[in-house]
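Just need the whole structure built from these sequences, with the hints factored in.
Residue strings, one per chain:
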Amino acid sequence: MRALWLWLWIALASFTMSQTSYAEPEANLEDYPDIELPAPANAPPPDAAVEHITEHISRKIRCPVCQGAAISDSPAPSAVNMRKHVRQLVTQGYTETQILDYFSLRFGDWVLLSPKPEGLNWIIWFFPPILGGLGLAWLGLVTVRWRAEPDVTPLPSDTGSVSKDPYEARLLEELER
Amino acid sequence: MSARPRTNIPLLFSGMLMSGLIVSLLAVGFLFDPFALPNEMVGKVAPNFELKDLDGNEVSLKSLRGRPVVLNFWSTWCIPCKQEHPVLVEAAKLYPEVAFLGVVYMDEAEPIRHYLRRNGSSYPHLIDPDSAVAINYGVTGVPESYFIDRRGRIMFKAAYPVNSPFLAAQLETLLGGAR
Amino acid sequence: MTTLVSCTPASALGSMILSILDFTGPAVPYLGRGLVLLALFSATFGAVIGFAAGIRKDHRLTRIATLMGGLFAVFMLAANALMVVALLHPNFAVSYVAEVGSIQTPVYFQIVSLWASLSGSILLWGGVLGLYVIAMILAIGNKHPDYLPWSLGTLLVICVFFAMLVSSVADPFQPTPADHIQEMCLMYGCANGLPLDGPGPNPLLQNHWLMAFHPPTLYLGYVGMAAPFAMICAALFAGRLESGWMTPLRRMFLLPWAFLTAGIIMGGWWSFAVLGWGGFWAWDPVENASFMPWLTGTAFLHSAMMMQRRESMKTWTLILGMVTFLLTLFGTFLTRSGVFNSVHAFAEGPVGPIFLGFIAVSLVFCVVLLSLREHTLYSLNGLPTLSRRRLPAVQNVSQRTVILGAVLVLVFTLGPALAISMTLIDSLPVAFALPFPFTMPRTLAWLWLPLVLVIPAFFLATKNRHLGRELTIVLQNFAFTLFTFVVFIGTVYPILSEALRGDEGKVSVGEPYFDKFAFPIGMILVVLMGIGPALPWGRASVSRAWTRFAVPLIGAGLTGVLWVFRGGIQQQPGIEDPGLWFGFQTLGNYLSCSVSTTCELQFSGVYTTLALSLCVFALLAGFNEYLLPVWARFRGKKETPIVAAWQVARKGRRRWGGHIAHMGMIMAVFSMAMAKGYRQEQYFTTGPGQDHEFAEYTITFEDIEILPEGFRESRIGKFRVSKQGKDLGLFEPRINTYKTRPGMPLPAPTSRVTPTHTLQLSLMSVEKDGSFAYLRVIRMPYMVWLWIAAAVMFFGTMIAIWPSATRRPQSTRKPDEKNEGHAA
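Protein chains in written order, with this note's numbering: chain Z, 1 to 177; chain Y, 1 to 179; chain D, 1 to 824.
Keep in mind that a hint or two might mislead.
Calculated cross-link-like contacts (lysine-lysine; reagent style BS3-like; alpha-carbon spacing at most 30 Å) [claimed, not checked]: (1) Lys-82/Y / Lys-62/Y; (2) Lys-93/Y / Lys-52/Y; (3) Lys-93/Y / Lys-82/Y; (4) Lys-116/Z / Lys-676/D; (5) Lys-82/Y / Lys-739/D; (6) Lys-84/Z / Lys-62/Y; (7) Lys-676/D / Lys-84/Z; (8) Lys-726/D / Lys-739/D; (9) Lys-84/Z / Lys-93/Y; (10) Lys-116/Z / Lys-44/Y; (11) Lys-768/D / Lys-82/Y; (12) Lys-84/Z / Lys-768/D; (13) Lys-82/Y / Lys-84/Z.
Derived by calculation from the structure, the hints in this document are not laboratory data.
Spelled out as structure tokens, the structure:
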């Protein structure tokens, strides 16, 4: 019966995996012989959204003269200028990817606060989730192992209350179950 | 009580392995300067710009294609910039085929004019509003000098004040190098 | 300098003693060095004697070792006191004072200069170690004679290392070299051969009174982790781990843990109130370094609770305890080695490699000790031991395949799905053409993933009927360990990348990376905080568990719904003509936007709403847990609720303290979620008399005042703030320029703190004549509750540490040994 539940779940997972869709190819700046910005990919966003988008993108760009702060957080003049630059690019309609690429082509990948998921950087993106998955699997095994152990009665120190009153002790013990 | 080996060999082995990896990783860290910034723009086409100089004339980088260009970002509040200034002024006179351009980085026109009046100038200095061109070139501080060849590619970037021998060597390369 | 008036030996000796005791004189460096060397000798002697006492089980030797430990503490604390006196004077004959001392610094900041620079901070480290030696001796007392010598030995070895550092490489008591004195005389003037003034401490340390408390608190937490580490090693050395030993171990661990928690949050407070960049945590490498031991420490704390019940967790618990200490060493290394790019880093010279050497030695020591002695952990309390080498034999084939299948599918769907969903917003490489769940937006992934998790968990749980507290503690351990790993790899990856790829491998790992993992792990922990204390040990019935959690679940759901209704989820651009149900409309827009590829709207507050609901769940589950016994006493014994509450608290101090600490943690998570999720910020360039609207406030720039203060010059901008017409007074953010470091002006923001939000004004720049000012304003909702949470957690931990009068102290002393107390 339980095995049936598991096979059902495996079927569900496989079904969802079998659906396909494709990611939209982004304009790739590396294809161009120089690093000038190509035409913007999108139409300019509505005015009210510009500030929000600018802040969102600025959070991901590192201020080169500050110690690790994002340009959205730093009061340094160069950070302020970079923010203005980002805002200008946003109002022209460039996407987040294009803007981040713009900065990394000029300052180095180091200016991005979140390493690009490519090459060696996959380590930091994949290791934690895979470790997490393995950890959960190990947890499953541990709980199976516990089945084989005898039941251990709670020590008084566990419940944190040592009661001299037998009635109350029994009452608390009932509640513990 | 089930028989148990005295030493937990797998733990010992994996522990030593992980310790070794971590310690060697940290030791390798001593070789690098965490505050050094990478030199990203070298080898790339110098981004075009159109800026006005102190007299209001517009200068565009594209128009200088065919001549080597030395692009120097500086300001009056930067002491090393003032140290390298005479070197650049002299070099601009000695190498007329090379186009020297100064770009003002986060400074006002008035102090710049004042400084140039007192210390001489032999090439145009451009005003860069909101540091747009500085950002376009990946400038993080001053002084920074970009050496651009005749084809418009950035051959070298010096993120420090230049001295005469160094500058001469770079200019010779720009002039004598690939046409 | 004293001069000899007559040549009699008595007066010569007298004047020599006088010159040594003259704390203003040039003898101070030598006196200080002498004290440090004495401390070093005591520690070395004590360590050797301690280990000898442990091996030979000799009580006399143990007493000598205890005495040596006490002497180390006395000498180290005396050295610290001497340095403080030298700073107060200031006595520039001492090289450390020549580095950071100044007449112009106010008295309380002169004391603060003790930890202003590297060598002073190591001296402080030694002093705090001394305090913990004493604390550990007091905690163990004479109840655990078998463990005491080993604990002393191990702790004193650590003391030896730091004393060695202070006396050689990072020596603050070095006499100032003559040429340095000459330089200073040129700059500040001279009298009697000593300069009249000095450079003073880093201006950042003088900007705010918090700087007087944050480093010492952090040190009390950080450094103190050495004591429980020593006690863990003692158990391994002694060859057994008894439940009686867990009591002092837990206490000696909770003490530094409380300070570490408070210290970390205080750092956030300082970062927010002083630096004024609009946040409280930057995932700076040094911040991470203090956070990682806290993570493993908290995991250790809970795991230790479980250790008495499940033998299989013993090795893991001890590993956690040891790693906590090792991470404190790593953190020190990080700050002082010059390897990491950090705002806190103050690296000099050979200290880095020496620390790395010590870390290497400690790592090897821990691995070897644990591997060799691990087997001694498993013969306790008469419980039959398990074979750990093999998994329990599974009864039949179908069970085996089921488990194997579960493992495989978990790893290969969960892992990549999590990874992809997290990297989704930040550009997937074009080559990735993935099936549907892996390209679905992050929000939906969060909904889909729990399904993947819940079904096998439920399967396992109902099969094993182990829904009890062990499972939650193990899950909590998993979450904390994963978190530690994420922070570690994020901090260390830039080095790895540069090592393997050279110059083009320079990368930054900052807030966007850490936040992506911190949020889901944090939410898992909040949920566990609610569930864990409410479940009993061992078996629990599923139906019971559901009735326990019904109220919290309903409460959480209601909170979520109400919050969305009142506009918790916001969209840019906003809804035109918002009606009564605009909240749900926004939610609908969000869900439909998540699945479309053409949606232009920007949303905020989604994860905050989720966090809020989970916090409410955890809070209600905790209250539930506390109220039930009170209710039982009220009904059963007819006590009034207040008396019943007091009785429950009094008898379960450890548990009640834990509850309070949990409440504090939930308060902290709530505050962080709200402050980050609904943060508002604006920059103004403003002239005198101009009004600006920001949130519910109106801000008017009025005037500027220049205030010279001796050790600094302040430009004070005066801004009148009013809210809906009601004048709230003049706010005066400053820019401070310190005389000792004129090139480094620092903003000093002002804040208005209310229970619902904190408003902060930060002056970025201002013209001397007051013609214009550049101001930054930030509004952080519920920010103050994070600072309050630190106090709550500290308070709760102190309650948990406090010895309980009703319980008999569990001693590990054998009954046939000479004692005046009672046997365990």
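Now for the hints, and whether the structure bears them out:
no. : hint                  : in the structure
1   : Lys-82/Y / Lys-62/Y   : holds, 28 Å
2   : Lys-93/Y / Lys-52/Y   : holds, 22 Å
3   : Lys-93/Y / Lys-82/Y   : holds, 18 Å
4   : Lys-116/Z / Lys-676/D : holds, 24 Å
5   : Lys-82/Y / Lys-739/D  : holds, 25 Å
6   : Lys-84/Z / Lys-62/Y   : holds, 25 Å
7   : Lys-676/D / Lys-84/Z  : holds, 23 Å
8   : Lys-726/D / Lys-739/D : violated, 39 Å
9   : Lys-84/Z / Lys-93/Y   : violated, 37 Å
10  : Lys-116/Z / Lys-44/Y  : holds, 21 Å
11  : Lys-768/D / Lys-82/Y  : holds, 26 Å
12  : Lys-84/Z / Lys-768/D  : holds, 26 Å
13  : Lys-82/Y / Lys-84/Z   : holds, 28 Å
This entry does not satisfy hints 8 and 9, going by the numbered hints stated previously.
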